[in-house]
Amino acid sequence: MRIINSEKIEQAVYELAKNACLRLTPSCARALRDAAAAEKQGSAAAFALDTVLQNADTAAREQMAVCQDTGYAVILAELGQEVHIEGELLSNAVDRGVRRAYEDFCFRKSICDPITRVNTADNTPAALHTEIVAGDKLSLTFLPKGFGSENMSRLYMLTPAKGVDGIVESIVETVRLAGSKPCPPVYVGVGIGGTFDTCAFLAKKALTREIGSRNPRADVAEIERRALEKINALGIGAQGFGGNVTALGVSCELAPTHIAGLPVAVNIQCHCVRCESVIL
Amino acid sequence: MKKITLPLKDADIENLKAGESVLLSGSILTGRDCAHKRICGYLDKGEALSFSLTGQTLYYAGPCPAPAGKACGSCGPTTSARMDAFAPRLLDLGLKGMIGKGERSEEVCESIVKNHAVYFAAVGGAGALYGNAIKKSELVAFPDLLSEAVYRFEIEDFPCIVAIDCHGGNIYRR
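As they're listed, the protein sequences go chains A and B. Positions -11 to 268 (the numbering used here) are the ones given, in order, by the first sequence. Positions 242 to 415 (the numbering used here) are the ones given, in order, by the second sequence.
Careful, some of the hints might be misleading.
DSBU-like mimics (lysine-lysine), calculated; alpha carbons at most 30 Å apart, straight line [said to hold, decoys possible]:
no. : chain 1 : residue 1 : chain 2 : residue 2
1   : B       : K278      : A       : K28
2   : B       : K376      : B       : K258
3   : A       : K218      : A       : K125
4   : B       : K250      : B       : K377
5   : A       : K28       : B       : K243
6   : B       : K286      : B       : K376
7   : B       : K258      : B       : K286
8   : B       : K244      : A       : K28
9   : B       : K355      : B       : K243
So the derived list for chain A, only partly shown, Cβ under 7 Å to chain B, looks like this [unchecked claim]:
no. : residue
10  : T46
11  : N107
12  : Y144
13  : G167
14  : F184
15  : A188
Hints in this document: simulated from the structure, not taken from any laboratory. Backbone N, C-alpha and C fix where the C-beta goes; we use that ideal spot for every residue, glycine too.
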């Protein structure tokens, strides 16, 4: 058994939140530069992508949040079952780290009661997903999730007969219906299989993968490739201004499902992909 | 790039064409979901607003708090479509410009033409760049809404694209 103090977890979340909100992931910055190169010079899409790349430099230089939507604090924790957490409850430690970081670094507090719309004023609670895994480590991944793109996400309960073509169509349809609203070029996280709830989680988890990475299963990687090709043929382009790049990538994660169903969850992420991880 | 000074003049609006890039400077108000709902709530009850929208440009945004030494934190546009239910009413009241991101409903497009107004698209996800171009910030109304309150900003060289012009030109229709 290994002991990890909750204060160490709080501090780790604090650092992850800070770094995540201040910079794009390296794979996102790379994909945006490639996208800018793929658009016609002088086009509105090129203007949008150049502005976005300049913005990343401004954020780094001025130590300002890359995007003012510093998001719902989504944390994916993989907790080794040989770890014993000493001190506070894990979720309390996570919320304390989020609260301090959002206050100290002037990030926007965006969490409110769904009915009264009264803001909790400290960006908590975080959306904490905990998986128990083998080993004696705690892995934490922080994904500040903006809601302009979250709003455009969809869940399909397909029939098994729809198969691979149905999966690809669902992914492409989600991006088409989202149009200019989620800040394209988007990153598309897809969950395939599981249940109504686990499928949506898989889609979120897919967004923590590097842009350009491929699912190790060849048939799933082929779904990613086909969907990306069809999405980029839509012509929505950066900010919906028209162009060749509507998505930076498609990542699919898979789980076994029921003989009667084929759940497909499509979680849309804007072009401002921010994600940081640490292993304690 | 064409430079435009805010508040907008009718002659400037007349000459803006969908698809052209512009740099906006001058005075704007902010307002997003909760502020719109509240403004329209006052209007429904026949109560006066504490500020005027006539001739103004409204920026759909909710800023990050200002770090020390800055007028404003990161502050890019939010998705305009969520304000579509309210926009025609505000345009009828004399609102002349809107800055946001993404396409608008048919009703908003028609109201822009009818009221000789304009919709600018700022680049979503460029919050640091826009926040840095805000030189002054003043709270105007609804402080309890925090980032969703109404602020008046003095901006300098905000890069935007004319998305929907007063003649019905629309960059999202291809």
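Now the hints, each set against the structure:
Taken as a hint, the K278 (chain B) and K28 (chain A) pair is broken in the structure, with Cα atoms around 40 Å apart against an allowance of 30 Å. For the hint linking K376 (chain B) to K258 (chain B), the alpha-carbon distance of about 27 Å falls within 30 Å, and the restraint holds. Among the hinted pairs, K218 (chain A) with K125 (chain A) is inconsistent with the structure: their alpha-carbon atoms are about 40 Å apart, more than 30 Å. Distance restraint check for K250 (chain B) and K377 (chain B): the Cα-Cα separation of roughly 22 Å lies within the 30 Å cut-off, and the hinted pair is therefore satisfied.
As the CA atoms of K28 (chain A) and K243 (chain B) are separated by approximately 20 Å, the hinted pair is consistent with the 30 Å bound. For the hint pairing K286 (chain B) with K376 (chain B), the CA-to-CA distance comes to about 35 Å; that exceeds 30 Å, so the pair is violated. For the hint pairing K258 (chain B) with K286 (chain B), the CA-to-CA distance comes to about 37 Å; that exceeds 30 Å, so the pair is violated. Between the alpha carbons of K244 (chain B) and K28 (chain A) the distance comes to roughly 23 Å, so the proposed pair stays at or under 30 Å and holds.
Distance restraint check for K355 (chain B) and K243 (chain B): the Cα-Cα separation of roughly 25 Å lies within the 30 Å cut-off, and the hinted pair is therefore satisfied. Here the hint on T46 (chain A) is kept, as its CB sits about 4 Å from the closest CB of chain B, short of 7 Å. Because the beta carbon of N107 (chain A) sits about 5 Å from the nearest beta carbon in chain B, less than 7 Å, this interface hint is met. At its closest, the beta carbon of Y144 (chain A) sits 22 Å from a beta carbon of chain B; the interface hint therefore is violated under the 7 Å criterion.
Against a cut-off of 7 Å between C-beta atoms, the interface hint on G167 (chain A) holds, since the closest Cβ of chain B lies about 6 Å away. Taking 7 Å as the C-beta contact cut-off toward chain B, the hint placing F184 (chain A) at the interface is violated, the least distance being around 26 Å. For A188 (chain A), the suggested interface contact is broken, since its CB lies about 21 Å from the closest CB of chain B, more than 7 Å.
Going down the numbered hints, you'll see the structure goes against 1, 3, 6, 7, 12, 14, 15, while the others check out.
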